[in-house]
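There are 2 protein chains.
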Amino acid sequence: MKYRLLAPGPTPVPEETLLELAKPVKYHRTPEARQILAEVLQDLQYVFCTRNSIMPMTSSGTGGLEAAIANCLPAGSKAICLIAGRFGERWRSICKAFGVETVAVNVPYGQAVQPEQLAAALKAHPDAAAVCSTLSETSTGVGHDIAAFGKLVAAAPALLLVDAISGLGAMECRTDDWHIDINVTGSQKALMLPPGLAFAALSERAWKATEAARLPRFYFDFKRERKGVAERSTAWTPAISLIQGLRVALQMMRAEGWPNVHARHERLARATRAAATALGLRLLAPESPSPAATAVMLPEGVDGSALFRYLRDRMRVTFAGGQDKLKGKIIRLAHLGYVDAFDVVTGVAALELALHHFGAQVELGRGVGAAERVLAEGLPARG
Amino acid sequence: MKYRLLAPGPTPVPEETLLELAKPVKYHRTPEARQILAEVLQDLQYVFCTRNSIMPMTSSGTGGLEAAIANCLPAGSKAICLIAGRFGERWRSICKAFGVETVAVNVPYGQAVQPEQLAAALKAHPDAAAVCSTLSETSTGVGHDIAAFGKLVAAAPALLLVDAISGLGAMECRTDDWHIDINVTGSQKALMLPPGLAFAALSERAWKATEAARLPRFYFDFKRERKGVAERSTAWTPAISLIQGLRVALQMMRAEGWPNVHARHERLARATRAAATALGLRLLAPESPSPAATAVMLPEGVDGSALFRYLRDRMRVTFAGGQDKLKGKIIRLAHLGYVDAFDVVTGVAALELALHHFGAQVELGRGVGAAERVLAEGLPARG
Chain E
0 MKYRLLAPGP TPVPEETLLE LAKPVKYHRT PEARQILAEV LQDLQYVFCT RNSIMPMTSS
60 GTGGLEAAIA NCLPAGSKAI CLIAGRFGER WRSICKAFGV ETVAVNVPYG QAVQPEQLAA
120 ALKAHPDAAA VCSTLSETST GVGHDIAAFG KLVAAAPALL LVDAISGLGA MECRTDDWHI
180 DINVTGSQKA LMLPPGLAFA ALSERAWKAT EAARLPRFYF DFKRERKGVA ERSTAWTPAI
240 SLIQGLRVAL QMMRAEGWPN VHARHERLAR ATRAAATALG LRLLAPESPS PAATAVMLPE
300 GVDGSALFRY LRDRMRVTFA GGQDKLKGKI IRLAHLGYVD AFDVVTGVAA LELALHHFGA
360 QVELGRGVGA AERVLAEGLP ARG
Chain R
0 MKYRLLAPGP TPVPEETLLE LAKPVKYHRT PEARQILAEV LQDLQYVFCT RNSIMPMTSS
60 GTGGLEAAIA NCLPAGSKAI CLIAGRFGER WRSICKAFGV ETVAVNVPYG QAVQPEQLAA
120 ALKAHPDAAA VCSTLSETST GVGHDIAAFG KLVAAAPALL LVDAISGLGA MECRTDDWHI
180 DINVTGSQKA LMLPPGLAFA ALSERAWKAT EAARLPRFYF DFKRERKGVA ERSTAWTPAI
240 SLIQGLRVAL QMMRAEGWPN VHARHERLAR ATRAAATALG LRLLAPESPS PAATAVMLPE
300 GVDGSALFRY LRDRMRVTFA GGQDKLKGKI IRLAHLGYVD AFDVVTGVAA LELALHHFGA
360 QVELGRGVGA AERVLAEGLP ARG
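Which chain is which? The protein sequence lines are E and R, in order. Note that numbering that gives the first Met the number 0 has the first sequence beginning at 0, numbered continuously upward. Note that numbering that gives the first Met the number 0 has the second sequence beginning at 0, numbered continuously upward.
Chain E with its partners taken away, still in its complex shape (with noise of 0.2 Å):
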């Protein structure tokens, strides 16, 4: 049976991409070697909309979440953790694995941080060093305000670091404008990359900030990394078949044009929660929605993770279920990276099949017909 991916990560991967992790091999210091790197980070930094040099890692995101913390805070420092999911979660556990002390500005499941909540978080806690926020929070499909966050930031003496490993590419995410002092992505996402390859972009007072902090690091070592960018090399042995691979999916975004990826993931989304909400299902998000991923509620009486299962093992449609205390709640439908109208299609489709297998009341087609009128605003011009 056919596989179909459409979980927020790992993401599918074009198969130009693919083909290109299966080159040869190459040795990673020479000048062609140099050339890639240089052509990657290079278009990264239009990715991130900045003007600084992208530092990469050859980790996990989560390990460029820890390489931000680790730089940048000095230990027995303070960090404000906005947290509006698990990934919000995922930078406070970071945090106190450093002796970083946290205060957590909590809101519930689906829905935002707000700027208020940021801004009087900062007015109590004035010495705070960090703050720290997802762009897109995929356990529940929430998106932040990161501009907004910014301008808080930009007013206070501490740093803002953003875990934008979900939604960078997806969105717009104006690194520089929005006064964002660290920013953190993986490969696997809007990136259209297997997992292997985290990036971060640092402002000039995040690398001022690296010298002044002093707990210990030295695989992920910003000055290292910077050291090894400027002569267009990294610190340690790179994954260079993804980073060649990468390269390829950065010429595909490139062609099809930013403002029409960030579109293309919108309409997407939006698509998305058309469809759910006239199949009668609610979403977990409807405030705050990210373009990356859409968390639907299931209805009463089904069992989510069989049904999730079902999806998986026996229609080989991967969604993502819940995490936590969403497991079997929700479901999440990400419409992230090598994704098109089609794609969203099939999911919708495969969900009502799955619905109407387990006995919930659905009008089968309804939620597809509701999607594509959405899917409608996409279409190329007439020839």
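Hint data in this document are derived by calculation from the structure and do not stem from the laboratory. Be aware that a few hints might be false.
Each pair may be met inside one copy or between any two copies, as identical chains are not told apart.
[Said to hold, decoys possible] With a straight-line Cα cutoff of 25 Å, these simulated SDA-like cross-link-like pairs (lysine to any residue) come out: (1) K150 x A123; (2) K1 x T29; (3) K1 x L18; (4) K150 x R50; (5) K222 x D176; (6) K324 x E230; (7) K222 x A74; (8) K95 x E210; (9) K77 x A103; (10) K25 x P13; (11) K77 x A212; (12) K1 x E15; (13) K150 x S287.
Starting from the structure of chain E, add chain R where the hints point.
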């Protein structure tokens, strides 16, 4: 022109493995993915010669070494670093970054640290919490007698940490029998994979040390990884495509038979040394040679850096040059991973031709002949 990679990492990747990397990416938390990971980790136990579980990390080998230090050494403790080259130096740099005091046991580049030197260091520093060594010191082509080190360290309270990145798989390394407490390797050496994965095996003593260790760690937290591995999973999103590829590479090595893999490396190394000697070239490490790579001293009057670049850019044969104070003085011929007799013949022929082109007195074919006399031992039996 054909490209030939004869450097000690990254090493050539078999076509079968490359094709595996080009397969569609699938979700990593599924029964299917768990099965693949479990098979890989089980095969690796065999490579490591250990009954203990293997901890997978998505990083270069350096990340695995940092993990060993950060998880098992108390801050402010003392480590004896056995330094026979650049990679021994790396152990010391990591210890320094993590506030671990270091005692260096140095030998001139080209020599191996002797067990008696370690015995003396252990006697002088009975409070040492760890001894850090390389198995194969690739920067000089030296192999260390880890079995002898292990006997000494087992009688002390210290842990034995081994950087087996370029050696494991190319030579016997009996983790359990030799009392190695943490044994670390990477994917891009004998394991015939692109860079991006590291692995560590921990002894019970090492696991006990993780309890007392208080250095901060999160991404490289062995206890989180152990929990993941118990569920046939990983703590963080792994480099899935590399794990898929590794399964195939391990299948190939299992089919060859590990004793045969080791014998092949030993034979190719011996052939390379015989060739260099026949050409009148001195070996940097004649006494304790590594089966992974051979460092050959270049004749006086030959510009080593220019020779290296000529081989790489004009003949498209990539060796490794010398690093730091060995720059321009040596050339390192690797015989590591997916390599056979004809790769050694090619490497030696390329070296003869390049030396000839640079005006050195070499009899063309003499090195190849000497290599063939050794390689003849490995010929298959007549049908």
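Each hint tested on the structure:
1. Taking identical chains as interchangeable, the C-alpha atoms of K150 and A123 lie at most 25 Å apart only when both belong to the same chain, with a minimum of 17 Å there against 58 Å between chains.
2. With identical chains, the CA atoms of K1 and T29 are at most 25 Å apart between copies only, with a shortest distance of 16 Å across copies and 40 Å within one.
3. Taking identical chains as interchangeable, the C-alpha atoms of K1 and L18 lie at most 25 Å apart whether they share a chain (19 Å) or sit on different chains (19 Å).
4. Taking identical chains as interchangeable, the C-alpha atoms of K150 and R50 lie at most 25 Å apart only when both belong to the same chain, with a minimum of 19 Å there against 55 Å between chains.
5. For the homomeric pair K222 and D176, the shortest alpha-carbon distance inside one copy (24 Å) is at most 25 Å, but the shortest distance between copies (40 Å) is not.
6. In this assembly of identical chains, K324 and E230 lie within 25 Å of each other by CA distance solely across copies; the values are 20 Å between and 47 Å within a copy.
7. Taking the closest pair of Cα atoms, K222 and A74 come within 25 Å of each other both inside a single copy (18 Å) and across two copies (22 Å).
8. With identical chains, the CA atoms of K95 and E210 are at most 25 Å apart both within one copy (21 Å) and between copies (17 Å).
9. For the identical chains of this complex, K77 and A103 are intra-copy neighbours only, at 11 Å inside a copy versus 37 Å across copies, given an alpha-carbon limit of 25 Å.
10. For the identical chains of this complex, K25 and P13 are neighbours both inside a copy (22 Å) and across copies (13 Å), given an alpha-carbon limit of 25 Å.
11. Both within a single protomer and between protomers do K77 and A212 lie at most 25 Å apart by alpha-carbon distance, with minima of 13 Å and 23 Å respectively.
12. With identical chains, the CA atoms of K1 and E15 are at most 25 Å apart both within one copy (19 Å) and between copies (23 Å).
13. Taking identical chains as interchangeable, the C-alpha atoms of K150 and S287 lie at most 25 Å apart only when both belong to the same chain, with a minimum of 19 Å there against 62 Å between chains.
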